[in-house]
Every structure is written in C-alpha cells, then in structure tokens.
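Peer 1: One letter stands for each residue in the lines below.
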Amino acid sequence: MTYGFVINRILRYTGTFFIIVTLIFFVSHLMPGSPLKNILGEVTYFNLMSQNPEILHDIEAEYGLDEPLAEQFRIYLLSLIHFDLGYSYKYRQPISDLLIFRLKWTMVLLLPAIIFGAIFGGFFGSFAGWHRNSCIDSGLTSMLLFVYSMPHYWLAMLFVLVFAFHMGIFPLGGITRGGLDGLDKAFDILWHMVLPVSVLTLFGAAYNYFIMRGSVIQVMEEGFVLTARAKGLTERDVLFRHVLRNAMLPLLTVIALDFGFMVSGALLVEIVFSWGGMGTLIYDAVLARDYPLLHGSFLVIACCVLAANFLADVLYAAVDPRVRGDVET
Amino acid sequence: MANSNNIWSRLFIALILSFMISSAIQISTAEASDVSLKAGTISSFDPLNLFKYRPWNGVNYAGFTHIGLVRYDEHLNVLPCLARDWKISDDGKSITFKLADNATWHDGTPVTAEDVKFTFDYNKKHGLPIAYLYNNYYDHVSALDTHEVTLYSTEPVGAALLTSLQSAYIIPKHIWEKVEDPEKYEGKDGMIGCGPFVFESYDQVATEANFRANADFFLGKPTIDSVNYQYYRTIDSMLLALKKGDIDTTFDYYMPVPAVYAASLADAKDVELGSVPDVGVLLNLEFGYNQFLKMMNESQFKKFREAVAYAVDYQQIVDMISAGYGEVPGRGYVPPTAIGYDPDIPKLEHNLAKAEGILDSLGFIDTNGNGVRNLPDGSELSFTITPPVWKQDNMRAAEVICSHLQKAGLDAQIDGESLSNEDKCHQRIFKDRDYYMCIYYSTPYSIMYDAGGVNCANMTGSDGTCSDPRLIDLLERVRYSNTLEQRSEAVRALQQYYSEELPFIALDWANVLYPYRTDRFGGWKIQDGYGNMNFDTWFSLKPEA
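Those protein sequences? They're chains A and B, same order as listed. Per numbering that gives the first Met the number 0, residue 0 is the first one in the first sequence, and the count goes up by one each step. Per numbering that gives the first Met the number 0, residue 0 is the first one in the second sequence, and the count goes up by one each step.
Bound conformation, chain A alone (with noise of 0.2 Å):
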C-alpha cells in the first residue's frame, strides 16, 4: 500500500461528498410540502395560506425559505464551511446536539447487532459451506433463508408480541425506564436491548451466512484447495489457511459497509421498539420537511459510508495481496 494509494482514495471520496452534499441538498428540496406546515401548526398554516398569505411570506422569510434554492445553497455550504449544521424546525434544538444524542443510541442497538451478525453468519456460513449439501446445510440454510425473507418490522412486531405482551420477559419497547441510574441503568438499557438486539442480529446472520457460505462454497472449487489438499495438509489446515482467509474478502466488504449504514438507523425496528435512534430521526425530519435536520443526517451518513468504504479498501488490500498489487502498480 502506498501514499498514492491513500492519495487517490481521498481525492475520490472528496470528490463524492461535494456530489453528495448538492444532491442531499436540492433532492430534500424537491419533496412537495412546506415546512411551515409542521413549524406553525395545521391550522395555523392553512389559515395564514387562505386569510394572510403576506405573513407566511415574512415567516417563510425568517427561515431563509423565501431566498432563491441556489442562494440556499450558498448559505448551506458557508455553514457547513464552519461545522454549523443549523438549528431543527421539529426538534428547535441546534442539529449537532440532536445528532450526537441519536448517532449514540443508534450505535448501542446496531454495534453489537452488526458484530453478532458477522460473527454467526461467519460461523455458520463458513461451516453450511464448508459441508455443503449436508443435513446441516439444508437445514440452516432453508431457516436462515426464511428468516431473511421476512419483512423485519414483522418479525419484530411477532417478537414484541410473543416475549413482550404474552409472555411479558422483556419490555415492549423504548430505551429505559426513568428514574434509574448507574449499573441498574445500564441494566435496564441491556434488558431493553435484547429484543431489538436479537432481530437485527438474526437478519445480519441470515445475509452474511449466504454471502460466507457462497464464498466459502467458491474458493472451496479453486486450484489451489486441491492444491493444499494434495499437499497433504490437514482438512483444518485447508479450511483455516487457504480458504476462509480467502472466503472471508466479500464478509470483510459487507461488514465495512454494515458499519457504515449503521448510522442511518435501522427505521422500522426503531419504530416498533420505540427506540429513539438515528432512523426514526430521519424519517421525522423527512415528514416535517426539517430540510436542515435532513441535510444534517444525510451528512452523518455519507460520511459514514465513505470512511466505512475507505476503510474496506484498506482492509482489502491489507489482506489481499493481488487488491495490494493492482494498486501498487
């Protein structure tokens, strides 16, 4: 790996962030709908349209909505030249405070969501593959496939209702309770954790145990397999040295992009489990057309995603060494 390598990376991924910035921007503009609607209230809203058109003009004023989209633009990007993200119409507190505490509550419910994922699908995935058309096989994968069939607000509104309402082992939803502190808090919040934890887990599982066992089934059929087997190697020694650390490329790629997308929440669990993350952030500001609340977490997203992706091609070319060659040469 080279500094050309870093270099080029970095030119590249700036280049998509300005794209992405103007496109965050003027997409968010094009939603029909005013946010003066959710600003004042319905009725105040229509009422001004219909009796004083004059007044919604001076408070469209006041918001900076009356300026032409391009001299938005410009005010946006001065801001954003300044790390000032702006102030929430819904919320009416400053972006950079609203996104700190959501991004927080959305790593709790998707870290260890993301990382057991990887780690069953891995496992599961490497074995499934590893004994292919076995029973195990079959069978993990006819339940795993099911699993990722589901739609996942399904399975979690089932979890709600089987643990939570009729069984009553976990709570029906949201982070916490109040009026706790210290260890029974975090407590708490662990407890709270499990049913959300556990769905997005057995969806992680489920996709990244197809894509571990594809891959695994794929390396398995090339050269240098029979290779090693004609060697002599141990079948532990095939599996570890040659074909998981060559099966493991595509997880490593899903992963990075997993962490990436993290912070854009996982919505509908969100929603059922009444968990106040990034997800359900987003999709109130898009329903208040709270076009700085949006522009702000898109923000967030992209540059997520673009770390996670630079990441992945770091870590590609740490551990391939043909990805490391063509880049070096």
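Hints in this document: simulated from the structure, not taken from any laboratory. Be aware that one or more of the hints could be misleading.
[What the hints assert, rightly or not] Chain A stretches covered by chain B per the calculated footprint, using a threshold of three residues with CB under 8 Å from any CB of chain B: (1) 20-34; (2) 48-58; (3) 273-279.
Heads up, the beta-carbon is just placed ideally off N, CA and C, and yes, glycines get one too.
Based on these hints, arrange chain B on the given structure of chain A.
Peer 2: Using the frame of chain A, we list chain B on its own:
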C-alpha cells in the same frame, strides 16, 4: 478448565437473577409508596418549556402544570378557574375577570393580574399559539388591580373569546419577561405554572416526564400523587402498553384513538373505552361554489346540493370511518356538543330515489346512455372531489363518496392532480379554492369560533367559497355575540340556514374514543371531545383497593 467455565456461568446467572429480583423489588416499592397515574402519548415532547413544540404537543403537558382563566366541565360549559368571576361588557368588546386571591406559582410567587396581562401581551408579541383566537382580535389588556384584569378585543367577540380561554394558559411574568426567544428557552423554570401539578423531571433517554401533585394548588390537591407521562413511537405500541397494564391511559390533546382499534380494545381485560361525542365535525363535504356556478345557475346549484345530500350514504361512512361509534349527522351541521345546538333540525337522509328525482327535475339526464348525466348544454356532469392528501380518513371517505355519487349518475372522480402533489392540494383548498367538492373537517376551534362557518363562507377569517350575504350576516352574528345566550340564539339561526341551503354537509358526527384502565383507578371523568385526562379527572380519580 471445565470447572472455571462452570464458575463463570454460575456467576453470570446469579448476576442476572439478582438484577431481575432487585428490579422487581424497586418496581413494587415504587408502586406501593406513590399513587402515580401513568399516561402514554404518541406526540414527541420535551417538557422543559411549554412553547418548545409550537403546534399542539405542548398543550398536552402544559395542561398538567398550567391553567387558564376559565375551564370546561364535562360538557364544555365554561366554569371559573384562575378567574373566580367575569363579566362581558355590553358592547362585547371586553371581558373583566376577577382572579382567585390565593393562587400562587409553583415557586411560591403570588399570581396577579400583571401575569395575565403579560401572558396575552407576550403571546401576541411572539406570535405564540396559546390564546390564538384572542391573538386575532387582540387590542390590549389592562390590569385594573392586583386581582382584576380586563381583556379588550377589536371586535365584539366576547362570548366566543370567553369559551376559547380555557387553553390560554397563564404564564409567570417574573420568569418569561427575561426570555427573548421563548421557543428556544432551556431554563429549568420554563415549566413553572400555577396548575394542579408541578413539573418534576424529564428523562430524555427514557422519554418520560414526571409531574408531582401541587399540594398548594389553590383549588385543592389532586387525588393522585403524581403523573408519569411516557412517549411511545406508535399508537400500536402505546395501546399494547395499555392492554398490558404498563400505562393507565393514553393522553394526547384532542387526539382520540382511531375507531379501527375499538374492537381490540373492547375485548381487552380491565380496559374501558370512553366514548363521548366529538366537538368538531370529523368529516364534511364542502361545495366549491366557484366551480359549480360555472356549470349551473344558483337555483340549479341549490337543488343539486340537495340531490348530493340525498345521494350520500351516511351510515356507511359512520360505520367505515368511525367503526359505528358515531351517528348520521343533522342538516344543521353543528354537532350536539356545540353551544346553541338545535335538536329539532332533521337528520340527513340517504335516499337515492330522491336524489335521482331532483337531478331529473333539473334536466340533468343521461342523454347518451353512458351512465353519466348530462347538463342541458350536452356536456357531462363530471367533476372531481379533493380530499386533503395528508388525511387518511378523508381520502377513504372521498373514494366512498365518489361511488355514492356515481350511483346517482354523477361522474365524480378523486382529484388526481392534488393527489399526486401535496403543494397543489394546499393551493387548491386554501389559496385558489377552485375545487368542486372538498372532503374536509371542522376542528373544535372552527365550531367554537363560528359554528363551522370558517369552512364554508367566503369572507374574512374563512376558507370557504359561499358568498351568500345571508350566510355572512348570520356568521357575523355568531362571531360577534356579546353573551353566551346571544351566541346560542345566533347559532340556532345559522343551523336553520345550513339546513335549508346546505352550503356544506356533515358526513359523520363521530364519537371520539379514549381508552383507560379500570384496575388501578376508578372515577374517571370523560369530557366531551377531549376525553378522560382533564381538570375534573385530577380531583375525581380514586385508586382502586
């Protein structure tokens, strides 16, 4: 190695068990020592400042900590609250209130007429939503002495103003006079009021707030010790929590539970479904005079409206939208909960034969046999129906109305242009008013203000299209009533007009549903329209043994 694994497993299990036992002990101890009402909401909130959420969310929790000059009883009659007495002036342009002598803010400062004056001045200055009816007619407020204050309005709206003041929460001058931007204020004293509960805490992570009963409340201490107010992301999760017993009731200001949930709630153990008449009109059909008067003359249009009124199957709409919790509306439009409601005005009637008879008599006959009636000039009687696209119930009702009208030979179609563009829909209904028919609704505010005239008349302060001088005169009489008796009389006359002319039609006089549990508390008071979380409930709730 095996032994060490065993030890770790045992330790882990012991840890989990001790955690679960200690949690259970905590919960039972808390429940035993505090009579706390638990309420759920689906409106996100941050109760550090009652102005933070501008439209209505603030009203939810502000009703715990703050009070207005007057309040409503179960049937929305106006009763004294912070004001112990009042008098509307003869010209209807002012109301003088005598305040309770012993009211104090939660920080111990006495409530004075200066606070009342400050509240209305501050609301006007910052364009805040509380007391918004008064904002429209604000002239000035005078504090006559420590406990006497007069509100002056630009028009003689005394009676309407008085009834709207129950949600005009009075705020402490000594706190807010220092605040320049009320919606961004983060001070800890932002929730100090003089109401029956004192704001205690808000947990941003748990999204719940606690309010403690105000032992010094000048009208007495509430019968419960505290209110725990919990946010749920969806109505489904909130209702599951209610059925499970995690909360005692739901509470969102004027946001009843949709009727589609009625069946599952009715079957739930220990859950009662409070059903009371609505104070607004859930669905209406507004005629677009501007468009129809291009197709036919005024006399034809009047008969056409009558035919449309007969063509609509009201019971089907009540069953479909309100799950049967409602009634077929009257021709007089205003619901039975309104001041001046006239029970003698007949109900609307679904009679397709009568509708067809009227259309035939107008000469609107299907001349080419394609199932659509033709106007005398040969063109087809085709028009669109515009629902507000952001209202699901209105969209569904619009589709059903189209089918009703099609049975009478009218080619009614959903307004596709508005359907695909919310901005266009706003513009059509509120700006250009170029719709043929609009399936809209009347808020409690529009019934309280001018008995729904806001939705049908083309005059200042209204969004409608009917410019009939008789209607406008009647509406002015309602709006500018000096006393509640005068207003009652004016509303009766207006209902008579509505019944004869049908400038719009109520489609559903719905009952609103507010569920609550009966295993922990009894003595709930259900207020018309607004449900079980109201001022009377704070003093009538009794913990069940």
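Peer 1: Could you run down the list of hints and mark each one as holding or not?
Peer 2: Each hint, compared with the structure:
Here's how the segment 20-34 of chain A fares: 3 of its residues keep a CB closer than 8 Å to some CB of chain B, so the rule of at least three is met and the hint holds. Against chain B, the segment 48-58 of chain A contributes 4 residues with a C-beta closer than 8 Å to a partner C-beta. That satisfies the three-residue criterion, and the hint holds. Under the rule that three or more residues need a Cβ within less than 8 Å of chain B, the assignment of the segment 273-279 of chain A holds, with 4 such residues.
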